[in-house]
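*Asks:* Given next are the chains, with one letter for each unit.
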Amino acid sequence: MMKLLFRLSMSIGLSLSLGACSFYNATGEAFSMENVEPWQRDVLAQDDMQLDPDAMRTFADEHIYFSKEASTGGRGVGGGGCGCN
Amino acid sequence: MNNIKSKLSIASCTLLGGTAQQATAIENSWDLDSSFLYYSEADDRVEIKKAMAFLTGDISAEDTVNVNLVLDTMSGATPTGAVRSKNSSVSFSSASGAGSSTVDGGSVDRVNFSDTRLGIALSWAHSQDRLTTLTYGGSLSVEKDYQSYGASINYSLDTEDRLSTYTFGFAGSFDEIYRKTDGTPEPLSKVDDNNIFSNGERYAYDFIVGVTKVLNRKTVGQLNYTLSYSDGYHTDPYKVISEVNLVEDTGTGEFAWAELNRYYEARPDNRLRHAIFTSMAHQYGESGETVHASYRFYTDDWGVSSNTLDLTHRTPLSSTSYIEPHFRYYLASAADFFVHSFNNTDVSTPITLPEYASADYRLDDSVGVTAGIEYGTKLSGGDFRARIEYINWQYEEAEYDETKALVLQFSYQKLFD
Chain A
1 MMKLLFRLSM
11 SIGLSLSLGA
21 CSFYNATGEA
31 FSMENVEPWQ
41 RDVLAQDDMQ
51 LDPDAMRTFA
61 DEHIYFSKEA
71 STGGRGVGGG
81 GCGCN
Chain B
86 MNNIKSKLSI
96 ASCTLLGGTA
106 QQATAIENSW
116 DLDSSFLYYS
126 EADDRVEIKK
136 AMAFLTGDIS
146 AEDTVNVNLV
156 LDTMSGATPT
166 GAVRSKNSSV
176 SFSSASGAGS
186 STVDGGSVDR
196 VNFSDTRLGI
206 ALSWAHSQDR
216 LTTLTYGGSL
226 SVEKDYQSYG
236 ASINYSLDTE
246 DRLSTYTFGF
256 AGSFDEIYRK
266 TDGTPEPLSK
276 VDDNNIFSNG
286 ERYAYDFIVG
296 VTKVLNRKTV
306 GQLNYTLSYS
316 DGYHTDPYKV
326 ISEVNLVEDT
336 GTGEFAWAEL
346 NRYYEARPDN
356 RLRHAIFTSM
366 AHQYGESGET
376 VHASYRFYTD
386 DWGVSSNTLD
396 LTHRTPLSST
406 SYIEPHFRYY
416 LASAADFFVH
426 SFNNTDVSTP
436 ITLPEYASAD
446 YRLDDSVGVT
456 AGIEYGTKLS
466 GGDFRARIEY
476 INWQYEEAEY
486 DETKALVLQF
496 SYQKLFD
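First to last, the sequence lines map onto chains A and B.
The first sequence runs 1 to 85 under this note's numbering.
The second sequence runs 86 to 502 under this note's numbering.
Honestly, the hints are just simulated from the structure, not real lab data.
Here the structure is a predicted model, which is why all the values come from computation and not from measurement.
Just to be clear, a hint being listed does not mean it is correct.
[Stated by the list, open to error] Restricting the straight-line Cα-Cα distance to at most 25 angstroms, the calculated cross-link-like pairs of lysine to any residue (SDA-like) are:
{"#": "1", "chain 1": "B", "residue 1": "K298", "chain 2": "A", "residue 2": "T72"}
{"#": "2", "chain 1": "B", "residue 1": "K298", "chain 2": "A", "residue 2": "F31"}
{"#": "3", "chain 1": "B", "residue 1": "K275", "chain 2": "B", "residue 2": "L438"}
{"#": "4", "chain 1": "B", "residue 1": "K463", "chain 2": "B", "residue 2": "H211"}
{"#": "5", "chain 1": "B", "residue 1": "K265", "chain 2": "B", "residue 2": "R287"}
{"#": "6", "chain 1": "B", "residue 1": "K134", "chain 2": "A", "residue 2": "S67"}
{"#": "7", "chain 1": "B", "residue 1": "K134", "chain 2": "A", "residue 2": "D61"}
{"#": "8", "chain 1": "B", "residue 1": "K489", "chain 2": "B", "residue 2": "H425"}
{"#": "9", "chain 1": "B", "residue 1": "K463", "chain 2": "B", "residue 2": "E371"}
{"#": "10", "chain 1": "B", "residue 1": "K298", "chain 2": "A", "residue 2": "Q46"}
{"#": "11", "chain 1": "B", "residue 1": "K463", "chain 2": "B", "residue 2": "A341"}
{"#": "12", "chain 1": "B", "residue 1": "K463", "chain 2": "B", "residue 2": "F501"}
{"#": "13", "chain 1": "B", "residue 1": "K499", "chain 2": "B", "residue 2": "G466"}
{"#": "14", "chain 1": "B", "residue 1": "K489", "chain 2": "B", "residue 2": "I473"}
{"#": "15", "chain 1": "B", "residue 1": "K298", "chain 2": "A", "residue 2": "E37"}
{"#": "16", "chain 1": "B", "residue 1": "K298", "chain 2": "A", "residue 2": "N35"}
{"#": "17", "chain 1": "B", "residue 1": "K265", "chain 2": "A", "residue 2": "I64"}
{"#": "18", "chain 1": "B", "residue 1": "K229", "chain 2": "B", "residue 2": "Q368"}
{"#": "19", "chain 1": "B", "residue 1": "K298", "chain 2": "A", "residue 2": "P38"}
{"#": "20", "chain 1": "B", "residue 1": "K298", "chain 2": "A", "residue 2": "D48"}
{"#": "21", "chain 1": "B", "residue 1": "K463", "chain 2": "B", "residue 2": "H425"}
{"#": "22", "chain 1": "B", "residue 1": "K463", "chain 2": "A", "residue 2": "N35"}
{"#": "23", "chain 1": "B", "residue 1": "K463", "chain 2": "A", "residue 2": "Q46"}
{"#": "24", "chain 1": "B", "residue 1": "K489", "chain 2": "A", "residue 2": "E29"}
{"#": "25", "chain 1": "B", "residue 1": "K275", "chain 2": "B", "residue 2": "A341"}
{"#": "26", "chain 1": "B", "residue 1": "K134", "chain 2": "A", "residue 2": "I64"}
{"#": "27", "chain 1": "B", "residue 1": "K499", "chain 2": "A", "residue 2": "Q46"}
{"#": "28", "chain 1": "B", "residue 1": "K489", "chain 2": "B", "residue 2": "H211"}
{"#": "29", "chain 1": "B", "residue 1": "K499", "chain 2": "B", "residue 2": "H211"}
{"#": "30", "chain 1": "B", "residue 1": "K298", "chain 2": "A", "residue 2": "E69"}
{"#": "31", "chain 1": "B", "residue 1": "K275", "chain 2": "B", "residue 2": "N429"}
{"#": "32", "chain 1": "B", "residue 1": "K229", "chain 2": "A", "residue 2": "E62"}
{"#": "33", "chain 1": "B", "residue 1": "K298", "chain 2": "A", "residue 2": "T58"}
{"#": "34", "chain 1": "B", "residue 1": "K134", "chain 2": "A", "residue 2": "F66"}
{"#": "35", "chain 1": "B", "residue 1": "K134", "chain 2": "B", "residue 2": "E371"}
{"#": "36", "chain 1": "B", "residue 1": "K298", "chain 2": "A", "residue 2": "A45"}
{"#": "37", "chain 1": "B", "residue 1": "K489", "chain 2": "A", "residue 2": "F66"}
{"#": "38", "chain 1": "B", "residue 1": "K298", "chain 2": "A", "residue 2": "S67"}
{"#": "39", "chain 1": "B", "residue 1": "K489", "chain 2": "B", "residue 2": "P410"}
Using the sequences provided together with the hints, build the complete structure.
*Replies:* Given below as structure tokens:
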């Protein structure tokens with residue numbers, strides 16, 4: 001059952017990755033560079049366009065992965081440690 | 086007007102460390118985000134209930150403060166690093182203060198624990214002028230066998246066109262590590278000898294340099310480099326390593342590890358880490374679907390290197406709700422000193438111990454996959470979010486070669502003018 005879930009997770013991830021890649025290839029706009037005037041930043045100002053749109057979720061995830069994995073860091077500095085099991 | 090200006094400012098603002106909450110709150114005087122998280126591992130292993138509250142407020146036109154409170158309740162069982170032997174009887178101190186107990190073979194490879202952790206973090210962001218912000222932070226984390234104190238400072242500089250932000254940050258922390266019942270065991274000493282040293286201490290220093298850039302009207306990207314150095318006690322005082330001999334069960338004919346001795350683990354006294362982290366947010370389509378993607382490369386002088394990919398895709402269901410699948414993939418190499426056990430093929434000869442060794446599954450070659458989904462909607466003037474995720478970690482050699490976890494989280498955020 002768990003192996004099945006693992007494979008399912010991989011499939012979902014692969015689909016998301018492929019979807020994202022094909023999307024970028026199809027539109028070609030994600031990485032295009034352009035000057036953006038202040039009055040053109042309506043989309044960028046939306047909550048879901050922030051690089052960290054849900055600080056609470058990110059904080060919780062960082063704690064989980066910090067506790068369970070040997071790698072950490074990258075997003076920022078600061079915050080308390082823990083003696084995690 | 087001030088609201089719009091603030092939002093435009095946010096759009097080009099670097100979101101690093103504690104500044105994320107700050108940026109969200111600028112558009113309103115006060116922002117309260119509360120959350121409950123339930124984390125449960127299969128096979129009656131670790132269970133965590135986490136309550137969190139983040140309060141962010143503007144105390145002047147130039148100053149924003151942020152208070153984070155976290156209360157964790159942890160219980161369950163965690164692998165000790167010992168093999169699942171049927172032929173041993175040893176004394177072992179439980180993790181996080183469950184006391185010392187004698188456990189007859191078969192269950193010594195995992196130990197029950199319970200603990201409560203209180204974490205508090207404060208930050209104060211001050212706008213020096215139109216383009217620069219200094220953010221000061223402090224944190225405290227206390228549990229029965231671990232205490233951590235930290236401080237940080239971040240400097241961010243916007244370009245004149247507010248399309249790029251450069252960030253520099255430094256953080257320092259001091260941790261004290263011990264077992265509730267006593268201090269810390271002598272590294273690589275026999276568990277039976279019960280040689281106990283004083284509490285462990287560790288200092289850590291983190292540096293970050295980053296840039297955030299608006300690429301176009303619908304894309305913003307970020308690139309960070311972090312360097313971390315820690316010095317002091319890095320060993321886990323509860324983790325052990327078995328000295329084993331392979332024996333055949335005369336009844337079944339199967340081979341199994343027979344445990345001869347058990348040693349406390351030992352890790353190096355310092356660690357140098359590097360991480361390169363990049364992320365982006367992009368919106369497309371008429372309905373405003375948003376993709377968040379991030380990638381991190383990590384390496385350290387313990388021999389651990391990893392690649393981490395994280396993807397979310399948010400699809401609006403209406404003007405007030407959305408659904409967001411999440412996928413994360415983690416692939417890491419083992420630490421140089423990771424061992425499954427000390428294999429003694431000649432039981433009449435004492436083994437030669439290495440300088441450092443650990444059987445902690447987290448230092449093994451590993452792959453982790455997360456798949457989940459989040460639903461968000463407006464509710465009673467605030468934002469409600471609920472998510473469910475499944476995490477599976479698999480390890481190459483560790484005695485416990487798999488960890489399976491379920492995550493549930495419910496959050497509610499309210500803005501107060």
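*Asks:* Taking only the CA atoms, is the gap from B:K298 to A:T58 under or equal to 25 angstroms?
*Replies:* 21 angstroms, holds
*Asks:* Take a quick look at whether B:K489 and B:H211 sit within 25 angstroms of each other, Cα to Cα.
*Replies:* 43 angstroms, violated
*Asks:* Next pair to validate is B:K298 with A:D48; report whether the Cα-Cα distance is within 25 angstroms.
*Replies:* Holds, at about 16 angstroms.
*Asks:* Below or equal to 25 angstroms on CA atoms is what counts here, so check B:K463 against B:E371.
*Replies:* The given pair, whose Cα atoms are some 21 angstroms apart, holds under the 25 angstroms limit.
*Asks:* Hint check: B:K275 vs B:N429, CA-CA at most 25 angstroms. Holds or violated?
*Replies:* 15 angstroms, holds
*Asks:* Assess, step by step, whether the Cα of B:K134 is no farther than 25 angstroms from the Cα of A:D61, and give holds or violated.
*Replies:* 14 angstroms, holds
*Asks:* Quickly compare the C-alpha distance for B:K298 and A:Q46 to 25 angstroms and report which way the hint goes.
*Replies:* 16 angstroms, holds
*Asks:* Mind checking the alpha carbons of B:K298 and A:E37 for me, to see if they're no more than 25 angstroms apart?
*Replies:* The hint holds at about 14 angstroms.
*Asks:* Would the pair B:K298 and A:P38 pass a check requiring their Cα atoms to be no farther apart than 25 angstroms?
*Replies:* Within the cut-off at roughly 14 angstroms; holds.
*Asks:* If you draw a straight line from the CA of B:K229 to the CA of B:Q368, is it 25 angstroms or shorter?
*Replies:* Violated - the C-alpha atoms of B:Q368 and B:K229 are around 45 angstroms apart, more than 25 angstroms.
*Asks:* Does B:K265 pair with A:I64 here, judged by a C-alpha cut-off of 25 angstroms?
*Replies:* 23 angstroms, holds
*Asks:* Are B:K463 and B:H425 close enough, with their CA atoms no more than 25 angstroms apart?
*Replies:* 50 angstroms, violated
Of the numbered hints listed earlier, those contradicted by the structure are 4, 11, 18, 21, 22, 24, 28, 30, 35 and 38.
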